[in-house]
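*Asks:* Here is what each chain is made of, one letter per residue.
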Amino acid sequence: MGFISSKAKVSEALISLNSVILGPSVIGRGSFIDDDVTVGYPIRRKIKSIKRIDDLDSVSDGTRIGEGCLIRRGTVIYEDVEVGNSVETGHNVLIRENTVIGDGTRLGTLTVIDGNVKIGRNVSVQSMVYIPIGTVIEDDVFIGPNAVITNDKYPPSKRLQGVVIRRGAVIGANATLIAGVEVGEGAVVAAGSIVTRDVKPGTVVAGTPAKPIYNVEEYLRRRKIYESMG
Amino acid sequence: MGFISSKAKVSEALISLNSVILGPSVIGRGSFIDDDVTVGYPIRRKIKSIKRIDDLDSVSDGTRIGEGCLIRRGTVIYEDVEVGNSVETGHNVLIRENTVIGDGTRLGTLTVIDGNVKIGRNVSVQSMVYIPIGTVIEDDVFIGPNAVITNDKYPPSKRLQGVVIRRGAVIGANATLIAGVEVGEGAVVAAGSIVTRDVKPGTVVAGTPAKPIYNVEEYLRRRKIYESMG
Amino acid sequence: MGFISSKAKVSEALISLNSVILGPSVIGRGSFIDDDVTVGYPIRRKIKSIKRIDDLDSVSDGTRIGEGCLIRRGTVIYEDVEVGNSVETGHNVLIRENTVIGDGTRLGTLTVIDGNVKIGRNVSVQSMVYIPIGTVIEDDVFIGPNAVITNDKYPPSKRLQGVVIRRGAVIGANATLIAGVEVGEGAVVAAGSIVTRDVKPGTVVAGTPAKPIYNVEEYLRRRKIYESMG
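From first to last, the protein sequence lines stand for chains L, B and W.
Numbering (my numbering) for the first sequence: 377 to 606.
Numbering (my numbering) for the second sequence: 377 to 606.
Numbering (my numbering) for the third sequence: 377 to 606.
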């Protein structure tokens, strides 16, 4: 059983009957909102304050989704999120409050973005990636499946220190990035690595803890050979 | 389309119209049950035995949720679970049968508790954590995102051997705990570690396989410096 | 609010009122389709082409689910999937297009199968496993929780190279398998390993990167002792 707020602007989008659009949300032309999607979900403090279920709509600030987006089944997007144009999510993705997602970015199934995150354009986030509060991901980054980003070096502490992933960097599957590290422009983190220190631009790192193994020119040379063998 | 069993006691809770409450479940005062939540989901044997969908309600033993809980969208709680007061779940959490969750504990989005698990009070489980049958987690434990606990040392075997995490221990992000290990009181497992042996109380371990690197006093000293730099 | 396509054949199955069955899907005798399950979900190209939400049904090729299956809450199965008999899924499993799942196989909660995958009979996939395009998994394989399989050795490249897991192999929890590796018949990959090379039949590997530690006879001997101590 779906619901579309009387305050929402969704007239040029395709909205499933089973989706829930709360507050003054705006959904752009040609965007597709699938079954069981919630847009404009209120933050914790507001949920704790309501007295009736219907108040979920009145307390929501709404969220903004651009044109030509594809938001798949089960995805929940909190209030105060800005989703650009041509963004796609897989199934059951969570995007919490105060997050900005740039145009053309894709977020894989079961990815969790825990709020106060900035993601650039044309970023490819594969399935099951965890992205905590304070993370910054620049344009054209690729993040492999099940990669885990953290934001607290000595948990549970009082300080959250976001990870920064610079333009064009590649994070391999099931890699772990420790709070506060910066992965430089065009750098590559091999699958399964534990990254405890900054990775210089154009460097490829691997292992536990991750150490440089070669540079990105070598990586691109190997990629070319690999592709030619396909 | 929601459903509330005629046997359930939910009169002092906030229940979404799209949630499903089965059997003689009890939901305490001031608890919030969000859209698409199922409470009292029957165990496998019962589901295999039913002849009509409506029987899901009649076969369920129900489950018990305390006061002031916040159960977010998509969470499924099986029958015969005891959830304390002021417990919160993220989105799409699964809690299977015969599980006890203490007061004030938080279970992050996409966490899976596979049944016959005991979790104490004020435990903080981050997103995407896997907790299998037989696990025991004491009060005040912190478990980082995507940590994986196991219960079979030589899978697939006939013996399940639960992990025990003692009071106040910290498990880092994406760590793997091998079946049967005990993580001692106040111990710390660094992010990405593979823990194959017991961790002594107050010890910090890291690596593959995890080995002691220093003690918890040193950890707390480093945390204090880290916090002061924020 | 559920939906069953007029083209679907489901008369001998138990279908929840909240499930969505699209296109000419066939669901075998005695199968149980739980709340919020979608069967026959259209591929991306088709979703991008539709003008009205109702068209989701008309564009779907449907999918085929055998007899005696148990498809739990929140699972999404795309069109053009063949699910054998007595298959079970946990909650919120995703199975994308052009995938074949053999009889008696179980797919754990939150497992993602990203399409064009072939899985044999009696395979046990635990929770939160990621299985990308091109993966082949033979009969009687066991895959532990949160294992991650990849299909691109130098991401993001133009070549996808699937992993092959031969009959009876065991993949430990939170292991990472790099694109193109073959895990031989009866081989064992220890929990948390990063597998960068082929694993010979009957060999046990562990570590980062994974190296042989002993053979499967030794593994079975240790399992027997382990079981006897339970």
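Among the hints, erroneous ones may be present.
Which copy is meant is left open, so a pair is good if it fits within one copy or across any two.
[Said to hold, decoys possible] Calculated lysine-lysine pairs in the DSS-like style (CA-CA distance at most 30 Å, straight line): (1) K383 to K534; (2) K427 to K600; (3) K576 to K422; (4) K383 to K529; (5) K534 to K587; (6) K529 to K600; (7) K587 to K427.
Because the hints were derived from the structure by calculation, they are not lab data.
*Asks:* Look at each hint and say if it fits the structure.
*Replies:* Structure-based check of each hint:
In the homo-oligomer, the alpha carbons of K383 and K534 never lie at most 30 Å apart, since the shortest distance is 38 Å inside one protomer and 44 Å across protomers. Taking the shortest alpha-carbon separations for K427 and K600, neither the intra-copy value of 60 Å nor the inter-copy value of 40 Å comes in at or below 30 Å. Neither within a single protomer nor between protomers do K576 and K422 lie at most 30 Å apart by alpha-carbon distance, with minima of 42 Å and 42 Å respectively. For a Cα distance limit of 30 Å, the shortest separation of K383 from K529 qualifies neither inside one copy, at 42 Å, nor across copies, at 48 Å.
Taking the shortest Cα distances, K534 and K587 sit within 30 Å of each other both inside one copy (29 Å) and across copies (27 Å). Taking identical chains as interchangeable, the C-alpha atoms of K529 and K600 lie at most 30 Å apart only when they sit on different chains, with a minimum of 11 Å there against 37 Å within one chain. Proximity of K587 and K427 under a CA criterion of 30 Å is satisfied in neither setting, with 53 Å inside one chain copy and 51 Å between copies.
Hint check: violations occur at hints 1, 2, 3, 4 and 7; the rest are consistent with the structure.
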